[in-house]
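Q: Whenever a hint applies, use it, and build me the whole structure from the sequences.
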Amino acid sequence: MSDKYPVIVWGTGVVGKLVIRELLDHPVFELAAVLVHDPAKDGVDVGTLVGSHPTGLAATTDIDAALGTEGTVAYFGPTAQYALENIDNMSRALRSGHNIVSTAMTPWVYPQVCPPEMLADIKQACEDGQTSCFTTGIDPGFANDLFPMTLLGVGGRVDSVLVQELLDYQYYNGDFSMPMGLGAPMDQPAVLEIPEVLILAWGHTIPMIADAVGVKLDKIDTVYEKWATPTEIAYGAEPNTGIIEAGHCAAVRFEIRGGVGGKPKIVIEHVNRITNDTAPHWPRAQSVDNDAYRIEIKGSPNITQETVFRDERTGDGAIGGCLATGMRAINAIPAVIGAKPGFLTPLDLPLIAGQGTIRA
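Quick note, my numbering runs 368 ahead of the 1-based positions in the sequence shown.
Keep in mind that the hints were calculated from the coordinates and are not lab data. There's no promise every hint is true.
Unchecked claim - Pairwise CB distance ranges (calculated):
| # | residue 1 | residue 2 | range |
| --- | --- | --- | --- |
| 1 | Gln673 | Ile726 | 21 to 27 Å |
| 2 | Gln654 | Glu485 | 41 to 47 Å |
| 3 | Thr599 | Asp410 | 31 to 37 Å |
| 4 | Pro395 | Gly610 | 38 to 44 Å |
| 5 | Asp393 | Arg678 | 18 to 24 Å |
| 6 | Gly627 | Thr599 | 36 to 42 Å |
| 7 | Gln673 | Gly630 | 25 to 31 Å |
| 8 | Ile726 | Ala614 | 27 to 33 Å |
| 9 | Ile611 | Ala433 | 40 to 46 Å |
As the list claims (entries may be wrong) - Below, simulated SDA-like cross-link-like pairs (lysine to any residue); rule was C-alpha separation at most 20 Å, straight line:
| # | residue 1 | residue 2 |
| --- | --- | --- |
| 10 | Lys666 | Pro651 |
| 11 | Lys372 | Val704 |
| 12 | Lys372 | Glu438 |
| 13 | Lys666 | Arg652 |
| 14 | Lys587 | Asp527 |
| 15 | Lys491 | Ala448 |
| 16 | Lys708 | Gln492 |
| 17 | Lys491 | Glu453 |
| 18 | Lys587 | Gly630 |
| 19 | Lys587 | Ala569 |
| 20 | Lys631 | Leu530 |
Ideal Cβ positions, reconstructed from N, Cα and C, are used throughout, including at glycine.
A: This is how it looks when you write it as structure tokens:
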């Protein structure tokens, strides 16, 4: 290995593949191993796997072989829907002496408010391996914590903070039907319609922000709305295309609201559409057609920040956001290596500027 930071990428879904492409010629980080779940990917050159040039490094399903390699594990496994599998995999890596940066277990973005049973195995694994575990992501993640907390640090008084995700999901290849209800019949309940599930999945940045600014929350509650398309909608691009039937859900809007003094003071709002024409009366980005993350702070001063990610090849906002998700985790590796063992949150880490991002 060179003097770069070695990285073991675990998971080659949307985020994992995007990150691997960046690491193939990165001046600071280097691919040490790539772990895959699908047997069809076993032994495939990782460059070929992500649509790039051959690298001589083969993907593997052999966990022991990959964890026998030096490096930080970048865990881009499945969502918290597969919590037991994730906990088992990540405990194994931590116990074997590998620090972890991850996007998978979104409740761990602020483990201080997680159920104890969701933390026990990881805490023990960190203690056994003297290792650290840092979870980030777009939502929850830096758009919900790093952005608003930075802006809160320049205010004199804050009356409310609204964090919005405004996205068109028409080219996103992940599963959005079961968790969100997109594409499903209107009377089919979505997993995230359950308030406790929505708060667990995407609401932990609210108590993080509250703790960071020193305010006590009265409660956290939710709002969930779905919008039915009056006409059939075709979405996606070959080979991942689909149809949303007329009368089915083509957009969702939900809020997770942290109350202070009986009023919602810290609010996370998502408006997720299939094509930009859906739900025209719901909030959308102001600087672009859609696909943006917006922070709106009311107080002294009033602050508005709108951030847009775009994939450099396709211009797609969701793909650009997924890459940013993964690279936030990768760029945190030097800070995670230098941090204390155990769970880490953005409150435990210094400013992460991104070593090696600007090149000659």
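Q: In ascending order, which of the hints set out earlier in this document are inconsistent with the structure?
A: Going through the list in order, the structure violates hints 3, 8 and respects the others.
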